[in-house]
Structure formats: structure tokens, C-alpha cells
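Read off the chains here:
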Amino acid sequence: MAEALELKRESTGDTLIGSLMKFATSSVGSKVVMALTGLGLWLFVIAHLAGNLTAFAGKETFNHYAEALKGNPPLLWGVRIALILGFPIHILAAINTSMRNRAARPVAYAFEPRTEATAASKSMILTGLLVLAYFAFHLAHFTWHITGPQPTTLLPNGSYDAYSMLVMGFQQPIISLTYIVAQVLLAAHLSHGIYSLFQHLGLWGAKWTPFLKNASLAIGYGLCAAFASIPLAVMLGFIKP
Amino acid sequence: MKLNSAIPEGAIEDKWRKHKLALPLINPANKRKYKIIVVGTGLAGASAAASLSELGYQIDAFCFQDSPRRAHSIAAQGGINAAKNYQNDGDSIRRLAYDTVKGGDFRAREANVYRLAEVSVNIIDQCVAQGVPFAREYGGHLSNRSFGGAQVSRTFYARGQTGQQLLIGAYQALEKQVNAGAVKMHTRHEMMELVVVDGHARGIITRDMVNGKVEAWAADAVVLATGGYGNVFYLSTNAKGCNVTANWRAARKGAGFANPCYTQIHPTCIPQAGDYQSKLTLMSESLRNDGRVWVPKKAGDTRSPDQVPEDERDYYLERKYPSFGNLAPRDIASRAAKQVCDEGRGVGPGGRGVFLDFADSIKRLGKKVISERYGNLFDMYTTITGEDPYSVPMRIYPAVHYTMGGLWVDYNLMSNLPGLHVLGEANFSDHGANRLGASALMQGLADGYFVIPYTIGAYLATAKQPKVTTDHPEFKKAVADVNARQAKFLSIKGKRTVDSFHRQLGQLMWNKCGMARNEKGLKELLQEIPALREEFWRNVNVPGSAESLNVALEQAGRVADFLEFGELLALDALERNESCGGHYREEWDDEGEAKRDDSKFMHAAVWEWKGEGQKPERHVEPLVFEAFKPSVRSYK
Amino acid sequence: MSGKLMKLTIHVWRQANKGAEGAMKSYVVENVSEHMSFLEMMDTLNEQIQAKGEEPVAFDHDCREGICGMCSMVINGIPHGGHRGVTTCQLHMRHFKDGDEIYVEPWRAQAFPVLRDLVVDRSAFDRIIAKGGYVSVNTGGAPDANALPIPKKEADLAMDAAQCIGCGACVAACKNASAMLFVAAKASHLGHLPQGQPEQLDRVKNMAMQMDAEGFGNCSNLSQCEAVCPKEIPVRVIAEFNRDLIKAQFKG
Ligand SMILES: Cc1cc2nc3c(=O)[nH]c(=O)nc-3n(C[C@H](O)[C@H](O)[C@H](O)COP(=O)(O)OP(=O)(O)OC[C@H]3O[C@@H](n4cnc5c(N)ncnc54)[C@H](O)[C@@H]3O)c2cc1C
Ligand code: FES
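Residue numbers (this note's numbering), protein chains in the order written: chain A, 153 to 393; chain X, 55 to 690; chain W, 16 to 267.
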């Protein structure tokens, strides 16, 4: 018996870091990496939304929030670094898994079945890529100020008038529309992603499956609605310049 | 043929203990030098292969499925007996042994049976240690039920999948040893021949079922655990792949075949639906606890069951066996069903079926309770028949289920061919003429985990045979024989498929050597089988080549063996001119019950192959009952 | 006796051997009774094919009652044909109608190479089990079975997972050909029992490693495996497996 055990426990002789790296590139491990980075990105989305919603409280509050963020470099850079790392790692892990998946099913079925799986769950790569593309555009517009209408005057205190930029942007239907579409895509991604991350991290018990699936859906589209409420409010005139 | 049962001396309670002490041992370092071939990895084979390799022997294990986990043992539903007496209801080793001997109609070797009961308790311990998820009570202890008419609750079970869970336990133990490099597992390998060198079993010839390669394997001993031969009847509850080939090839090489006519017919199976039927599905016997069996009183009554008023129904089991009623033993319930169907009172398409009606129980206990007890069985019935047993009575009919006969073995589970050991359903040893429910699983695991690891060492320590390799002429010859036989199948290019021969053989066997047998029918059968066999070798069509995965060729080999073996079965049934257990000769009837003739047949019949076209020779091993007194089985 | 009769067109994958090119081939089967099982329909087809001197369609099967896990056909794109809790051998023809066209294909996965027609090599599953899908206990010397009470709830959870028949439908259904449901079911079976606990972390680690080495894909949580599993094993076992595997990275 001892013999059997010896043989089974082939020790890899790896250090903790080494073995963690190995795990991170394994099939379950890369999903865990995706889940963790996904979790980070999801939290970012929530924080971002919370900030955005201050737009409903008017120009001052919103600009105050934007200032506060800018005036706090550790927080700002923390978030930025998290994003700079989180995004690529999330994407690398996605590439790793989808390559493995392609290789695992080299021959397709002749008969394409109808399945119960949701469209969202089957198009994570697509929604992910589209959201990524939008993210670039979004940065160009709101962060780097290279596209979209930009306010020409600074605030009395000399800082940038983020509120006006927001309103000006969303007054353009095409910008609002892309924004809303991007939110729907993000919602689709999250509606499966949130459930998935709980599953990959093994964070729930048997009873919770249906609940989690529904919650994931609700959270995804809830976030979407909250985000979309801002351009809508601008266009409908609830949020005024 | 020399038949030395090698039963140890002494009182029945002491035999095994003393025998174990007396068996010569092999020192651990030397065990590594011995190679053992295990054919079959069902409960018996997997448990043996794992246990023997743990002791240090080198094991080559074979099965024809794509994984050892799929052996036919997987299909056992009901449970496994053990004399644990956890329920405090008076069970004991002695009682389990007695029930088994009596259930077998006093046609089993009592010393083997007693040992079986003795090690039964270890089986449960072993299985729990392996992680077999037996059913448990709320207190966390193991749950038991009473099964197959037993008067105590000694059956352990895992939902309706006991065989599956036990086999997975044994399979996992086997894979543990595969990982340790101690067992080499050869799946999709079919044993085609046994190789005997200087009178000892020294190896086998296999066919790799994927690429057709015929290979020879040499060893110091061979263990066959290849299951039962119920498929000689074509339709049975056995898996489609169950076959007699391994056993039959061994018999042709000199191993005695004991009591082939002992076959068990299970009363609660789903009736045949059409000519295309490929197998029959067992419905657990437990259904008879709450279902009432009936047929219309009038012959040819085709009204739907709800149209037949109470007083026009015949609850024939309750009528004939008032004390056991619907729980009458398997053989009795089966024959009673046949009888009413023969009278033209059978129900359903073809008139071969009786009702198993839950209406009363549903009224009494409520649908919920019934569904808790039998929900998955009812679902299974619905899946197969498309009918809903909650509203329409089930239809059931007996079907071939288990074969008590098998290769003859002594107390050490060794056949008359030294070195050839036979375990599980493949041997004849423990169930006599009729097997009790939940005892086959027990026997398979007893043989594999707790008997063979002791006894095979004694053979190896004393046999002192020189090492042989597959270069030995006997191996070469056996390989050539296998190749020639395959070439022959492929060259016939006749008109009929292999399957059509198998079906026809099955029908012949079932009609004349099934639930009831008589001299006239058996004599006819003994003419018909050779004729069919002759046609087979002239008119079978086996397409394809031997060098590839060829299902028709695989089947041809098995059916060819059934065509020889079926004749032996019929011959044994003819010569056993008495009724006992599952062997019911109409001439020997005591008001519908099997009437034994102890004066002439208190023995095991062991058949020796004498060559093609020769009548096999019948030998006997007298059965002596010292511990248990033969009595008449009565269930009235 | 034979019920309603149907005429069907069967498109089935034919492939001579492991290396060979395969293709879908079409056959017409007549006189299919609604009471036949799917495999009996295939038997009937094979009788017809053989009558024409062709080799029968090879397919795996044994128990024909849904427990051995041998039968393995993708029927109209769904492993085992898409009826809850039913294997191919238990699927009955009453679910089809006269004139239907049915596509029958083998399990598709890199790790399950086709050996011939509908027969695939699933030995990868055995190799995964060999890496730790057991309790390392030898025969003999086990304590009394009732010495260690196991809460009924845990025993039931173990049994839910232990019911797996190892057919591989989960892999066949998964767009990534992932074996997670199979592997996690074994880990869940043993992990819920005190006997299996001591080795659980090593078990999941070693089985996961072998699973990757065999070339199975990742789990994308589409639950297609659960949908086709003839024993209805829930995907919760996958979450349990992931949890144990993460734990194993730090404690194992
Ligand atoms: C439907 C059903 C329900 C049952 N229920 C119960 C029950 O509740 N309780 C109970 O005690 N018993 C039950 N039985 C009986 C019991 O399941 C069997 O008797 C027992 O499992 C046989 O085990 P075994 O190991 O001897 O053979 P098997 O499990 O049949 O294994 C045979 C092995 O031999 C291999 N093999 C066969 N021929 C060859 C060959 N030529 N070459 C290579 N390998 C070969 C096979 O691959 C397989 O591995 C039931 C039987 C049936 C049919
Ligand atoms: S043939 Fe055994 S599960 Fe289908």
C-alpha cells in the first residue's frame, strides 16, 4: 500500500510560486485566473457605476466626484494598474482556454443541435471582444479626450468640466446608442460571467445554483439598466447641461 | 477426470479458519516472481486482480468491454447479503448459510456456502472502507432491507444500483493497482483460448478487439471470472456481451463443466414487445412487496385491466401460496406465471404477461409513498413501455436471469485443471440449483477479495511448475487454432447473420429447456441444436476482416460456442431426471413444486468434453450434508 | 404486437478504423416499431446492411438498460438523444415519427478518438481514475462498517455523484469537450465520505492534471453536460471540485 501511495504522489518539487504558475495555466487554473480578474473588473464596473450615478445629483456633485478621484493618485493609479493588469490577464487566460477548447473538439458534429444554453453563455468571447473595443473608444472619449465633443471651458476652479463633457457626449444620439449597446453586451457578458466566477471559485453550495444563475442575470442586466439610465436621462432631458 | 473437492476436515464452523492456517504461504519477495492472468473484471475478477496484486503478484487482467467498470455486475439492482445482524433480528453466519443451502434446494456444497456466509461480513467492511455509498439511516448507520423472501433484513444496498456501486469500488481498487504498476489492464481483449501445458493451465490467447491482433499470454496461474452464460437463451436480463466463450474454451481443454442445466428465471421482467427484442429488462423483485399479481379468470379475456371486475380476477400467487403470497420465491412465481399464460390467461401483446397491480397499495399508502419506494422503477417501466404504472397495472413476465452452473471448482476455487481458478458466476460452487436474491454479488466479492488471495498461493507454492513462455508449442498451436477458426467464419459467406442464429438458438432453448422441461422436449432439442449448429457452420455470413474491429466476427465466436454449449445444457437437463430449484422437470412435480430425487441426484453433475461429435462424459461429485439437513422446500 | 411501424432515414458516421477518414452515410430503415429501443432500431438497420453484404455499423453497447455506460451515440446532435435521464439504449422509437431523418454520430473529442463507426476510445477516463479516483485502502483489515457513522445527508450527496456511469456524454455534449462533470463527480463521491477525505486534495490535483494531459477542454459553465447526463449529475460537483483544487494549491 505504501508503494501505491508513493507512486501516486509524484511530487513536482516545485516552489509554491512555481506550482501556482503551473496551476494558473492549467485548464481549471486559467479559469480561476479569469474568475479572479473578472471579479476585479466586475467590482470596477460597480464602482464606476456608483460614480456615474452621481450625475443624477447634478453638475457639482459629479464634478466633485471626478475631482476627488483625480485628486487621489494612489486610488486612481490603483484602479488603473488593476485595469492594466486585469484586462490583459483576463484576456490571456481567455485565449489560453479557447485554444485548448478548440483543440479538444477537432471535429464538429454534422448535426448542429438546439441547446438550452443561453446565447450569452455561448458568446463570451464575442461579447468580451466587443466590450474591449468599446472600452478603447470610451477611454479615447472620456479619459484621453481625443474623440467626441469636449467642453471648451474649464470650471471656475480651473479643473476639467467632466459633467459637461458627459452631457455633451450623450446628447449625441450616436454616442448614447453605442454606449447603451456596449452596456447590453457587457450585461450579456456579466450575466454568464458572474455565475461562472462563483462556479470557478467554488463559492457556493448545491442549493444556490438556480438562484445564482438568476442573480447573475439580474445583476448583469441591472447594471446595464443603471448605466443606460444616464444617457437616457440626458437625452430625455432629466440630466441637463 | 479427477474430482477432489478438497473440503477441509473438521466442523463446518472451523473449516475455513483451519484451512487458512494450513495453507502454505509464499514469501512476499517471491510473490513478485509469479504472474497471474485474471480474465474478467466484474465483481469477482476486479476484486481478485486488485487483491492479488496488493499481495505482490504480477497481474495481467482482461475484459472485453472498453473499461473494467462496465462488467455486467454493474447491472445488479437489489443488494448484497451479509450476516452482519445489524438489525438484531436473529441473523447469523449459520442462518445465512442455511438459507443459501436451502434456497439452492440442497444442491450446493455446504462447506463453500458456509465460508461464503462467514466472509460476507468482511465484504461490507471492505466496501465501506473503499467508499461505497451504501444506504444509511438518519443516525448514520447502514440501512438494511429484507430481500427475496428472506425472513431477516440482511441486504445492504445503494439505492437501486448496488451492483454498480460495488463494482465501482472494486474497479477503483483495481485502477489504484494499475497506477501502482502492479496490474496491467487489457481492455477490449477477448479471451479466445485457454492454454494448458503439462496438464496445468498456463496461459490464454486473446484477440485485441480493436485491431484484431491475436496474442498469447503466459503465466503461472489463470483465474477466470467471466460471468454467466444466460445469453445462451438469447433473451435474458444479462448484458448483450455476456458469453460462455471463456468457460467453454476451458471446458474444451479439460475443465469440468458442472450443472449447466441450473438456470434461474426471474419472475419480474418486462415482457417481450416484439420479435426484434434484443434483451429483457429486470424490474426489481422488491416490487412484489406492494404489487399484487393477477390475471383474468377467463382465458382469452382481452378487456383492459380496469374493466375486469374484482371477482373475475385470479390473484393466483395469493390463492396458491397463501402464506407467502406475492412474495413466493423466484422459481415458483415464475412457473406459476408460465402456467397461467399457458392456460391462455396471459395479458398484453402475445399473451405472455401477467399484471403486477399497485392499485390497492396506492389506495392504502397513497401515491406518494409508492413513488418514494419505487419511483425510479416506475420511471424505468414508463421509459421502456410508454405506460404509466401508477394508473395501469404493470405487465411482467419471467426471464432468464442467472446461471448457477459453471466450471467445477474445489474448495480452493480451482478447477480440475490445476492452475485454473474460477470465480463468481462463472463457477458452480455456491448456489446449488437456485440462487437467493442478493447472493451473487456476495459470492463474487467473497471469491475475489477473501478466498482466492489465500488459496492461489497454496497452488503456486506446491505446483512447482517450470516457467513457460509464449514460445512454447502449446501457445503457438493455440494461436494457430484461433486464427484458423476466425478464417473459417470469414470464409463461409453464407446467407444468414450471426444474430439470426443466436435468436433461433435462444428460442429453441427457451421453449424446450426454459422454465419447464420434459424428456420429450429435451430429446427433440438435442436433435435440433446440432442441426442448427451444422447450418451455422455452413450458412453464416460474417462480413469484414479479422484484422479490424469486427462486431460480427466477435459475435460469431460467441454464438458458435453457445451452439455447442447449449447442447450440453440440454443434455444435463435431460440426465438430471428430477426437479430441483430452477431446474423443473414436468415429470417431477409435486402440485406445481419441484420434486427432488435425493436418492439419485444428491450430487453435482460434472461434464467432461470428449471432442467434437463425441458425447461428453458425465461425472459426479456427491454432495454430503453434515451441517444442514436436507428438507423439502415448501412455500405453501 | 409491433405497434406503429415507421420508415426512417438514418445518417450515420462510418469510419473504417482509427486513422481512416470517415463520412456520414445515409440508410433507409423500414418496419421500425415504435416499441423498439434505439439500439434495436440500429440492430434492424444492421440486419438490413448485412443482408446486402456490407459490414454492420459498429457501436458500443452492453447492458442495454442504462447502467453500464457503454452505449454512446450522438442523436440529432445530442448525446443519448436528449431525453432527461435516458441513455441511448433506453431511448425508445416512440419519440420519433414516420419519415424522420436521424443523424447518428460518435462522441466527438480529441481525447476520445473514433475507433470505428460509432465506437470511440474512452480509456482516458480510466487513466484519470487511476490517478486518484479511489480510496487507497488494501483488501483486509477494514474496521467494522458501522464503526464510523456517516450522516445520511452526506452519504446521499456522495451517492448522487457516485451514480455516474462514465459514458462520456458530458464530454460529447460540451462544446469544449470538457471532462469536468465526470472528474468532479468522482471527486464529489469520495470527498463527501470520511473515508475519502484524507486524500481529497491530492486526488483532485492528480486527476485534474491527468484530465489536462488527456486533452480535454475547459469548463465554460454552459451546463450542457448536466442537461445530457443520463444520471442527472448536477454541476454543483464542478464547483466543489474547483474549490478543492484551489485549496489543494495551498495545502496539497
Ligand atoms: C439485471 C440483473 C440484476 C441482478 N441483481 C442482483 C442483485 O441485486 N444481487 C445479487 O447478488 N446479484 C444480482 N445479479 C447477479 C449478479 O449481478 C451477477 O451474478 C454477478 O455480478 C456476476 O459477477 P461476475 O464478476 O461473476 O461476472 P460479470 O460481472 O459478468 O463479469 C464478467 C467479466 O468477464 C469478462 N469476460 C467475459 N467473457 C470474456 C472473454 N471471453 N474474454 C475476456 N473477458 C471476458 C467481462 O468483460 C467482465 O469483465 C443480477 C444480475 C442481473 C442480470
Ligand atoms: S448499453 Fe449499458 S448504458 Fe446503454
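Possibly wrong hints are sitting among the right ones.
[Said to hold, decoys possible] Lysine-lysine pairs mimicking DSSO-like chemistry, simulated, CA-CA at most 30 Å apart:
#, chain 1, residue 1, chain 2, residue 2
1, W, K22, X, K421
2, A, K365, W, K112
3, W, K262, X, K294
4, X, K294, W, K167
5, A, K274, W, K167
6, W, K33, X, K547
7, X, K549, W, K22
8, X, K422, W, K167
9, W, K262, A, K274
10, X, K307, X, K518
11, W, K67, X, K267
12, X, K87, A, K359
Derived from the structure by calculation, the hints contain no laboratory data.
Tested hints:
1. A distance of roughly 39 Å separates the Cα atoms of K22 (chain W) and K421 (chain X); the hinted pair therefore is violated under the 30 Å criterion.
2. Taking the CA atoms of K365 (chain A) and K112 (chain W), the gap is about 36 Å. The hint is violated against a cut of 30 Å.
3. A hinted pair counts as satisfied when its Cα atoms are at most 30 Å apart, and K262 (chain W) with K294 (chain X) does not qualify at roughly 44 Å.
4. Between K294 (chain X) and K167 (chain W) the alpha-carbon distance is near 36 Å, which puts this suggested pair outside the 30 Å criterion.
5. Simply put, K274 (chain A) and K167 (chain W) have alpha-carbon atoms about 38 Å apart, too far for the 30 Å limit, and the pair is violated.
6. Using a Cα cut-off of 30 Å, the hinted pair K33 (chain W) and K547 (chain X) holds, with the two alpha carbons roughly 26 Å apart.
7. For the proposed pair K549 (chain X) and K22 (chain W), the alpha carbon gap of about 24 Å is at most 30 Å, so the pair holds.
8. With a C-alpha separation of about 21 Å, the suggested pair K422 (chain X) and K167 (chain W) falls inside the 30 Å cut-off, and the hint holds.
9. Among the hinted pairs, K262 (chain W) with K274 (chain A) is consistent with the structure: their alpha-carbon atoms are about 29 Å apart, no more than 30 Å.
10. Restraint check for K307 (chain X) and K518 (chain X): the C-alpha separation of about 21 Å stays at or below 30 Å, so the hint holds.
11. With a CA separation close to 27 Å, the supplied pair K67 (chain W) and K267 (chain X) stays within the 30 Å bound.
12. Distance hint between K87 (chain X) and K359 (chain A) is unfulfilled; the C-alpha atoms sit about 54 Å from each other, more than 30 Å.
Of the numbered hints listed earlier, those contradicted by the structure are 1, 2, 3, 4, 5, 12.
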